[in-house]
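Those sequence lines, one after another, are chains A and B.
Number 137 in numbering that gives the first Met the number 0 belongs to position 138 of the first sequence; there are no gaps in the numbering.
Number 94 in numbering that gives the first Met the number 0 belongs to position 95 of the second sequence; there are no gaps in the numbering.
Everything labelled a hint here was simulated from the structure, so no lab data went into it.
Treat each hint with caution, since some may be false.
No farther apart than 27 Å at their CA atoms in a straight line, the calculated lysine-lysine pairs in the DSS-like style are these [as the list claims (entries may be wrong)]:
#, chain 1, residue 1, chain 2, residue 2
1, A, Lys224, A, Lys9
2, A, Lys154, B, Lys237
3, A, Lys74, A, Lys199
4, A, Lys329, B, Lys244
5, A, Lys199, B, Lys237
6, A, Lys299, B, Lys237
7, B, Lys244, B, Lys3
8, A, Lys215, A, Lys45
9, A, Lys224, B, Lys174
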Amino acid sequence: MAIKDFNAVKNIWVFAEQRHGKLMNVALELIGEGYRLSREMPEGTKVCGVLIGSEEDIAPLADELFAYGADEVYKLADPLLEQYTTDGYTKVLADAVEELLPEIVIFGATHIGRDLAPRVAARLDTGLTADCTRLDIDMNNYIDFLVRDTTCNTKGLTPEDPKKDLLKQTRPAFGGNLMATIITPRTRPTMSTVRPGVMKKRDRDDSLKGTPIDVKVNLTEDDIKIQVVEVVKAAKELVSLTDADIICSGGRGLGGPEGFNLIREFADKVGGVVGSSRAAVDAGWIDHSHQVGQTGTTVKPKIYFACGISGAIQHLAGMQTSDCIVTINKDPDAPIFEVADYGIVGDLYKVIPQIIAEWDNAEDLANHAE
Amino acid sequence: MAYKIIVCAKQVPDTNEIKTNPETGTLIRDGVPSILNNDDANALEEALKLKDAYPGTKITVITMGPPQATEMLEECLAMGADDAILLSDRALGGSDTWATSNAVAAGIRKVVAEEGDFDIIFAGRQAIDGDTAQVGPQIAEKLGVPQVSYVKEFSIDGKEITVKRALEDGYELIKLQTPCLLTAIKELNTPRYMFINGIYKAMKYPIKVWNAADIGVDLNTVGLKASPTNVFKSFTPKPKEPGKKIEGDTDNDLAKNLLIALKKKHII
Chain A
0 MAIKDFNAVK NIWVFAEQRH GKLMNVALEL IGEGYRLSRE MPEGTKVCGV LIGSEEDIAP
60 LADELFAYGA DEVYKLADPL LEQYTTDGYT KVLADAVEEL LPEIVIFGAT HIGRDLAPRV
120 AARLDTGLTA DCTRLDIDMN NYIDFLVRDT TCNTKGLTPE DPKKDLLKQT RPAFGGNLMA
180 TIITPRTRPT MSTVRPGVMK KRDRDDSLKG TPIDVKVNLT EDDIKIQVVE VVKAAKELVS
240 LTDADIICSG GRGLGGPEGF NLIREFADKV GGVVGSSRAA VDAGWIDHSH QVGQTGTTVK
300 PKIYFACGIS GAIQHLAGMQ TSDCIVTINK DPDAPIFEVA DYGIVGDLYK VIPQIIAEWD
360 NAEDLANHAE
Chain B
0 MAYKIIVCAK QVPDTNEIKT NPETGTLIRD GVPSILNNDD ANALEEALKL KDAYPGTKIT
60 VITMGPPQAT EMLEECLAMG ADDAILLSDR ALGGSDTWAT SNAVAAGIRK VVAEEGDFDI
120 IFAGRQAIDG DTAQVGPQIA EKLGVPQVSY VKEFSIDGKE ITVKRALEDG YELIKLQTPC
180 LLTAIKELNT PRYMFINGIY KAMKYPIKVW NAADIGVDLN TVGLKASPTN VFKSFTPKPK
240 EPGKKIEGDT DNDLAKNLLI ALKKKHII
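Chain A on its own, in the form it takes in the complex:
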């Protein structure tokens, strides 16, 4: 049954997703975001990390959650939870929500978070907003964001809006063509999944300590209807687009799979990671794990080099918040130039080798330039 008593609920829960005893990066990002939001809510609101798994896997993770800002850590431990299953995780998490009554529950929008959250929300009969890229409580911050970054007409929207205390969950829709802010006005908890790589972790502070709270779980083998036979890690080069400071991405303009040899050489030189557009993945030139964009990975590096990428809206949705975008493209009318901070109209096969050759001289060049 949906929780409708707003006075009964308190605190922000973060599903602290772990796989085989290792926290997902997004869990720490969400602790950081939850910390920020909790301080905009009534005094005493806490951000709580919720660990689910076997005792051996999750017990060592509590210290890390505290060090990144969690006020409380809940442990939902059972041998039956060693592998992620929709059934097992849904039961223990929904039971814990009904017992401890959080106001907000946020999940990373991973393949597991996006499997678990809708099932939990349906069991609790509450609202869930998918794949958020921004969360707000404070109305002034939210209005500032709308004025600064969007075309939204904010007329009539004031800090005293009747909806001011609700979590404002902003997400892209229609392939990134439109943004919407979603609220959950009548039921609790408010639930969201949040895109990995968007929110900021706090700096680790190992002086922050706490004692995790064990939450009793009530789970039997009969509750779990699926059997995970094995979990297989793909044997391919490790791509960590979300953590990269520099990304060198190639697109259709490379003309063929061999073009990624140059992109790889470029990435090696600048200490970056190789990304790609969907067009290059669809053409079979490179594995999907490299794909940046709405249906790939969302990235926010310090520098994003877009090489031979036209800038389809799906791609832009995944990289346009990069700190600096550099594009190299033959076509001066390509939409990518509209979001680029620096654009070179030219042949990438001629320009990139020159950038590679001059990269180590950048300091000298800048000193001698006017």
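Guided by the hints, dock chain B onto chain A, whose structure is given.
Frame of chain A; chain B shown alone:
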């Protein structure tokens, strides 16, 4: 062995063709073609492959939407689906994922009441207009069956199903029994085209259109007013300030001038 399969599908605007009006922050939907949602085509294809392997298998496609969604159902019939149901009622309009799953689950219960239990529900992972990936799992919850999302490989032996569920960095190999709900991703298969006899059948086929009363759904659980989530604001992102074009007479000059600009702004 023959199976009873339900496929959940959605008619969506082709988001590749959508433009926005930056002045008003609204979508320009005029002239944008409506299509069978991509992942749902993969869901239907997997059902059709099952029917190829086990003749006598019956595939029922169910959708919720406005009356013109029958066009999409005709396409599904022309690909080889046996039966098609449209849930359509003003009372269902504006439903969020929770309310949608209540309506579709009620529609599926009516199918079960008329034709017996289903073995598998195939749905697409997500629809390209909303990108939520929530309705499949929420239908499974409302029907009380297990789910596997992000399915990229499927096989069945009697009642035992084996699937690979895609993860970001690999996959899980999962076994489960019918009845269940599986959500498909594009790696699962390549959807077939419509065929001539199928098109002929689709043109004459009486697609079932059920309203809220037909499916007996509680009106407090469907539609805009019952939906737990509401749109507070919708808008488009502001276009960025124009960037700087790097000039240079040679490729080497272009490279040098770029590096100078990046260095001076302390970007590198």
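Determine which of the earlier numbered hints do not hold for this structure and return their numbers in increasing order.
-> Failing hints, ascending: 1 and 7.
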